[in-house]
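Chains as they are written, first to last, in the working numbering: chain A, 47 to 257; chain B, 517 to 1189.
These are computed hints drawn from the structure, not numbers from a lab.
Every residue gets a Cβ at the ideal spot worked out from N, C-alpha and C, and that includes glycine.
Take these hints with a grain of salt, some might be off.
Result set (DSBU-like, lysine-lysine): computed pairs, CA atoms no more than 30 angstroms apart in a straight line [stated by the list, open to error]: (1) Lys-650(B) with Lys-952(B); (2) Lys-1147(B) with Lys-1101(B); (3) Lys-1094(B) with Lys-210(A); (4) Lys-938(B) with Lys-952(B); (5) Lys-1034(B) with Lys-157(A); (6) Lys-215(A) with Lys-1085(B); (7) Lys-752(B) with Lys-780(B); (8) Lys-861(B) with Lys-215(A); (9) Lys-650(B) with Lys-622(B); (10) Lys-990(B) with Lys-210(A); (11) Lys-233(A) with Lys-1085(B); (12) Lys-1108(B) with Lys-157(A); (13) Lys-210(A) with Lys-1108(B); (14) Lys-687(B) with Lys-861(B); (15) Lys-210(A) with Lys-662(B); (16) Lys-691(B) with Lys-210(A); (17) Lys-861(B) with Lys-1034(B); (18) Lys-579(B) with Lys-687(B); (19) Lys-202(A) with Lys-900(B); (20) Lys-210(A) with Lys-938(B); (21) Lys-1116(B) with Lys-215(A); (22) Lys-691(B) with Lys-662(B); (23) Lys-929(B) with Lys-157(A); (24) Lys-157(A) with Lys-560(B); (25) Lys-215(A) with Lys-1101(B); (26) Lys-234(A) with Lys-202(A); (27) Lys-114(A) with Lys-748(B); (28) Lys-215(A) with Lys-1178(B).
Which bits of chain A does chain B cover? Going by a derived footprint, with three or more residues having C-beta under 8 angstroms, they are [claimed, not checked]: (29) 53-62; (30) 65-75; (31) 152-166; (32) 208-214.
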Amino acid sequence: MQIGVVIYEDNSDLRESLCNLVMFADNLLLLGNYARADEVVKQITGLEPDVILMDIDMPGINGIEAVKKIRQFNQQVQIIMLTVFDDSHHVLDAIYAGASGYLLKKYISDKLVDAISQVLQGEAPMSPGIARMVLQSMQQAIQPLANTYNLTQREKEILNNLSKGNSYKMIAADLAISIDTVRSHIKKIYEKLQVHSQVEAVAKAMNERLV
Amino acid sequence: MTAYVKKSLFFLAVIFYAHFKINAQQPDWSKYTDKKEQIIAIQKYGTELIKKQQFDQAIAVFKTGLSDSQQASLDSFSCSNLLNLASAYRYKSNFDSALHYLKNAKQTAYLKNYVILQALIQIETYGIFNRLGKADSAALVISVLKDMVPKLDSNGKERARIEMYLGHDDKHKAKYSDALAHYYKALRTFTYLNDSLNEGNIYISLANVLVYLGEQGKALSYHQQAAALFTKMGRKYELANELINITDMYYTSNRLDSAETSVKQALEIGQELNEKVLQTYAYLHLGNIYNLRKKFTEAEKYFLQSISIGETIGMGASLLESYQGLGEMYMAQQQPAKATPYLEKHLALAKQDEDKEEIIEASLNLSQNEFALHHFDKAYTYQKLYSTYKDSTYTESTGKNMAEMESRYQAEKKEKEIILLKKDQQLSQLNLQKQKNFRIGAIIFLSMLLLIGLLAINRYRVVQRAKRLIEMEKIRNNIARDLHDDIGSTLTSINILSKVALQQQPAGGTMMDTNMQKIKDRSATIMESMSDIIWAINPQNDTVEQMIFRMKEFTAEILEPLNINYTFKEEGDFSILKLDIRKRKDFYLLFKEALNNAAKYSHCNNVQIQLLQNQHLLQLTLTDDGNGFNKAEVKKGNGLNNMYERAVAMEATISIDSSPGKGTSILLSVPIT
Chain A
47 MQIGVVIYED NSDLRESLCN LVMFADNLLL LGNYARADEV VKQITGLEPD
97 VILMDIDMPG INGIEAVKKI RQFNQQVQII MLTVFDDSHH VLDAIYAGAS
147 GYLLKKYISD KLVDAISQVL QGEAPMSPGI ARMVLQSMQQ AIQPLANTYN
197 LTQREKEILN NLSKGNSYKM IAADLAISID TVRSHIKKIY EKLQVHSQVE
247 AVAKAMNERL V
Chain B
517 MTAYVKKSLF FLAVIFYAHF KINAQQPDWS KYTDKKEQII AIQKYGTELI
567 KKQQFDQAIA VFKTGLSDSQ QASLDSFSCS NLLNLASAYR YKSNFDSALH
617 YLKNAKQTAY LKNYVILQAL IQIETYGIFN RLGKADSAAL VISVLKDMVP
667 KLDSNGKERA RIEMYLGHDD KHKAKYSDAL AHYYKALRTF TYLNDSLNEG
717 NIYISLANVL VYLGEQGKAL SYHQQAAALF TKMGRKYELA NELINITDMY
767 YTSNRLDSAE TSVKQALEIG QELNEKVLQT YAYLHLGNIY NLRKKFTEAE
817 KYFLQSISIG ETIGMGASLL ESYQGLGEMY MAQQQPAKAT PYLEKHLALA
867 KQDEDKEEII EASLNLSQNE FALHHFDKAY TYQKLYSTYK DSTYTESTGK
917 NMAEMESRYQ AEKKEKEIIL LKKDQQLSQL NLQKQKNFRI GAIIFLSMLL
967 LIGLLAINRY RVVQRAKRLI EMEKIRNNIA RDLHDDIGST LTSINILSKV
1017 ALQQQPAGGT MMDTNMQKIK DRSATIMESM SDIIWAINPQ NDTVEQMIFR
1067 MKEFTAEILE PLNINYTFKE EGDFSILKLD IRKRKDFYLL FKEALNNAAK
1117 YSHCNNVQIQ LLQNQHLLQL TLTDDGNGFN KAEVKKGNGL NNMYERAVAM
1167 EATISIDSSP GKGTSILLSV PIT
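Only chain A is shown next, with the shape it has when bound in the complex (with noise of 0.2 angstroms):
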């Protein structure tokens, strides 16, 4: 059973290297590939792929509103950010706005595939710099609805340990757990950003009809 996959990047070199790549492999199957993000409810509602390989940064709509528009109306299909630096708040902003994950642009040859399979099975990588980003937002957020995501002690424990720089084997190691432990904890503080998301996005959206 083949992954369907769809792709969106405005950089056509990239973008005809990502179809190469998805083509070639041997479980994955490409389904569509588009520069724009314009029309993406019909294309998603349409093709009904599995794997969306998002790019942040594009004309017209960008990656992050693109995924809000699914997300409205599509909660399975997996989002993956594509990005070059994963110290942009955009990246953050992409998992508010529902992406299930993201992958840095330099490791797209070597790590895409497997990706692709982790978020099929519901893993979320986290690098140190989403991490620091997290908690310099918990630290920031002043208004009781942006609040500290209520993340349990444990999980603020595994964010701190990885904003600084520690990996998730040294994680594992330092907390005396697993890594698989680790990677769920990872999985559950993503899902929690996530849902954070959801709420902030209903008082706005309240705060605006109220406005």
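Fit chain B to the known structure of chain A by using the hints.
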């Protein structure tokens, strides 16, 4: 004859019955062999009856005791029984009888020099005078009591009671803080002796003084404390008294509803105990309350009730108020005819008591009232009376004081004049000095203002410049990132294409494969370098700590896929280190180079990395347990050369130790300014 006998028999029967009835409730005194013990028992019993507020029975008992002690010629007991009788009559508000017995008791006590009894008698006397409002008589007793204080036990009840009365005395003299001091002393002793009744009395006294000092709230709270104590002790009479006091307080602060509640409670108790005094005051306060509420019919009713009871028991103090209250109410209602009798009674009573304040008020009211009735001659007479007394209060007692004060005032005035003259001189001298100083000061001030102004402008400019610089840096950063994005994407595509090409060929050692591999690797390298540059430019990554984070990330990325174990230790406080951007770049790249070597060429299993901050030195130690290399042979190697050059650029020292089979160890020490 028979009729007379019948009558006398009847009377005898009645007497017998009465005597029997009273005696029937008494315990059997004959069981006491010792007369003294018997009398003591009798007195105890009498005191119990007083506690139970059965005053008539108590009086009978004490009379028995009195006759017994007189028969046995036990003078001290006679004296104390007289005192007890006086006390019992006082409780019954029968003050004349009380004073009568006290007089008798005093004779014996002073004759036989029973000091404690003397004190008790005086205390009792004072209490009665106080209740009757006879301030002057009470004051006389006070002076006697003051002399007695040293003769009495300071923890004793008598001493405490004297302290209380001394407090009363000071209160009358308007020496309020002294009064409070005496009260607190008494309170301490009473609390110590667990004498709740007197404790309550002290609360009342404290409250009264606090009222004079304007502390209404505190006063009310003390009254309430006293009331609570009395309720607990079941002393209804005292409780009712307190309720009246509390009523008074509420009334003064215009809380009429609360006042009415408490006064009605007091009235209830007064009626229950058939206590006329309580009832008088209760009705009086009700009259005042309803008068304030302008409910005149009810007020009139209450005033009249108060007056009728007051007249029955001859309660002067309440009558003064009720006469005045009712009279003034009629006056306000434009009913002068109705007012007259009461105002006249008020004046009469005031004169009888020789109460100047009351006389002044009464005569003023009457003068106004008679004027309203067009009885101008009477009005004039009262007016004269009023002014006489008003002035007399000045001339009589204060006349002497006035002269004294006048002379003292003159003397002080002269003194003050002299001081003022001296001060004047000093002032004019100071003024001259001041003017000079002022001029200098003004100049300095203006120049400072100018300076501040200049500094502020300068600062503003600096801040603006800094802001602009930051803005520019942001823009530069963004440009760099955009560039990287573009370039990075293309590079990635090259990298991907080469990988795909590699995989499309069957695995083999063809030239194409090797070249493809090189393309893949080198494009990856460029992407990595670009990533580093972008990272370094970002001002958020300016700190050494951020650099260490990235070093750790890189370590994990490189070593973990190769299953190389490693430790990464940090020691010291890196937040104080400031590496400029070039040194940081060199340090980081040197680290990467070293780690790359260890990972790719040494075939090691373990790597130890340690970062140490030692004052102004940043030390990096990197050790692996791999193949090592022969330093002599590999000297010209690109990688090693680079490391040495970077170290020089950082003005750092580096030592690379390696020998074949023994692994490699690199130590880098960078001075931080």
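Hints, one by one, checked against the model:
With a CA separation close to 70 angstroms, the supplied pair Lys-650(B) and Lys-952(B) exceeds the 30 angstroms bound. Of the pairs offered as hints, the one joining Lys-1147(B) and Lys-1101(B) holds, with about 26 angstroms between alpha carbons and a cut-off of 30 angstroms not exceeded. Between Lys-1094(B) and Lys-210(A) the alpha-carbon distance is near 19 angstroms, which keeps this suggested pair within the 30 angstroms criterion. Among the hinted pairs, Lys-938(B) with Lys-952(B) is consistent with the structure: their alpha-carbon atoms are about 22 angstroms apart, no more than 30 angstroms.
For the suggested pair Lys-1034(B) and Lys-157(A), the alpha carbons sit about 19 angstroms apart, so the restraint of at most 30 angstroms is met. A threshold of 30 angstroms between alpha carbons decides the hint, and for Lys-215(A) with Lys-1085(B) the separation of about 15 angstroms falls inside it, so the pair holds. This hinted pair checks out: Lys-752(B) and Lys-780(B) have alpha carbons roughly 14 angstroms apart, not beyond 30 angstroms. A threshold of 30 angstroms between alpha carbons decides the hint, and for Lys-861(B) with Lys-215(A) the separation of about 106 angstroms lies outside it, so the pair is violated.
Taken as a hint, the Lys-650(B) and Lys-622(B) pair is honoured in the structure, with Cα atoms around 19 angstroms apart against an allowance of 30 angstroms. Distance check on the hinted pair: Lys-990(B) and Lys-210(A) sit about 25 angstroms apart at the alpha-carbon level, within 30 angstroms; holds. Taking the CA atoms of Lys-233(A) and Lys-1085(B), the gap is near 28 angstroms; set against the 30 angstroms cutoff, the hint holds. The suggested pairing of Lys-1108(B) with Lys-157(A) holds, with an alpha-carbon distance near 22 angstroms, which does not exceed 30 angstroms.
For a cut-off of 30 angstroms, the pair hint linking Lys-210(A) to Lys-1108(B) stands: about 18 angstroms separates their Cα positions. Taking the CA atoms of Lys-687(B) and Lys-861(B), the gap is near 29 angstroms; set against the 30 angstroms cutoff, the hint holds. The hinted pair formed by Lys-210(A) and Lys-662(B) fails the criterion: a straight-line CA distance of about 84 angstroms is larger than 30 angstroms. A distance of roughly 76 angstroms separates the Cα atoms of Lys-691(B) and Lys-210(A); the hinted pair therefore is violated under the 30 angstroms criterion.
For a cut-off of 30 angstroms, the pair hint linking Lys-861(B) to Lys-1034(B) is broken: about 129 angstroms separates their Cα positions. For the given pair, Lys-579(B) sits about 37 angstroms from Lys-687(B) by alpha-carbon distance, which is inconsistent with the 30 angstroms threshold. About 94 angstroms separates the Cα atoms of Lys-202(A) and Lys-900(B), which puts this hinted pair outside 30 angstroms; it is violated. Of the supplied pair hints, the one linking Lys-210(A) and Lys-938(B) is violated, its CA atoms being roughly 78 angstroms apart against a limit of 30 angstroms.
Straight-line distance between C-alpha atoms of Lys-1116(B) and Lys-215(A) comes to about 20 angstroms, which keeps the hinted pair within the 30 angstroms bound. For the hint pairing Lys-691(B) with Lys-662(B), the CA-to-CA distance comes to about 16 angstroms; that is within 30 angstroms, so the pair holds. A threshold of 30 angstroms between alpha carbons decides the hint, and for Lys-929(B) with Lys-157(A) the separation of about 104 angstroms lies outside it, so the pair is violated. For a cut-off of 30 angstroms, the pair hint linking Lys-157(A) to Lys-560(B) is broken: about 107 angstroms separates their Cα positions.
Of the pairs offered as hints, the one joining Lys-215(A) and Lys-1101(B) holds, with about 27 angstroms between alpha carbons and a cut-off of 30 angstroms not exceeded. About 11 angstroms separates the Cα atoms of Lys-234(A) and Lys-202(A), which keeps this hinted pair within 30 angstroms; it holds. Taking the CA atoms of Lys-114(A) and Lys-748(B), the gap is near 75 angstroms; set against the 30 angstroms cutoff, the hint is violated. Under the criterion of a C-alpha separation no larger than 30 angstroms, the hint pairing Lys-215(A) with Lys-1178(B) is consistent with the structure, at around 27 angstroms.
Against chain B, the segment 53-62 of chain A contributes 5 residues with a C-beta closer than 8 angstroms to a partner C-beta. That satisfies the three-residue criterion, and the hint holds. A count of 3 residues in the segment 65-75 of chain A with a Cβ less than 8 angstroms from any Cβ of chain B is obtained; the coverage claim is therefore met, three being the minimum. Counting residues of the segment 152-166 of chain A whose CB falls under 8 angstroms from any CB of chain B gives 4; the rule of at least 3 is met. Closer than 8 angstroms: that is the beta-carbon criterion, and the segment 208-214 of chain A has 5 residues meeting it against chain B, so the requirement of 3 holds.
Checked against the numbered hints given earlier, the structure breaks hints 1, 8, 15, 16, 17, 18, 19, 20, 23, 24, 27 and satisfies all the rest.
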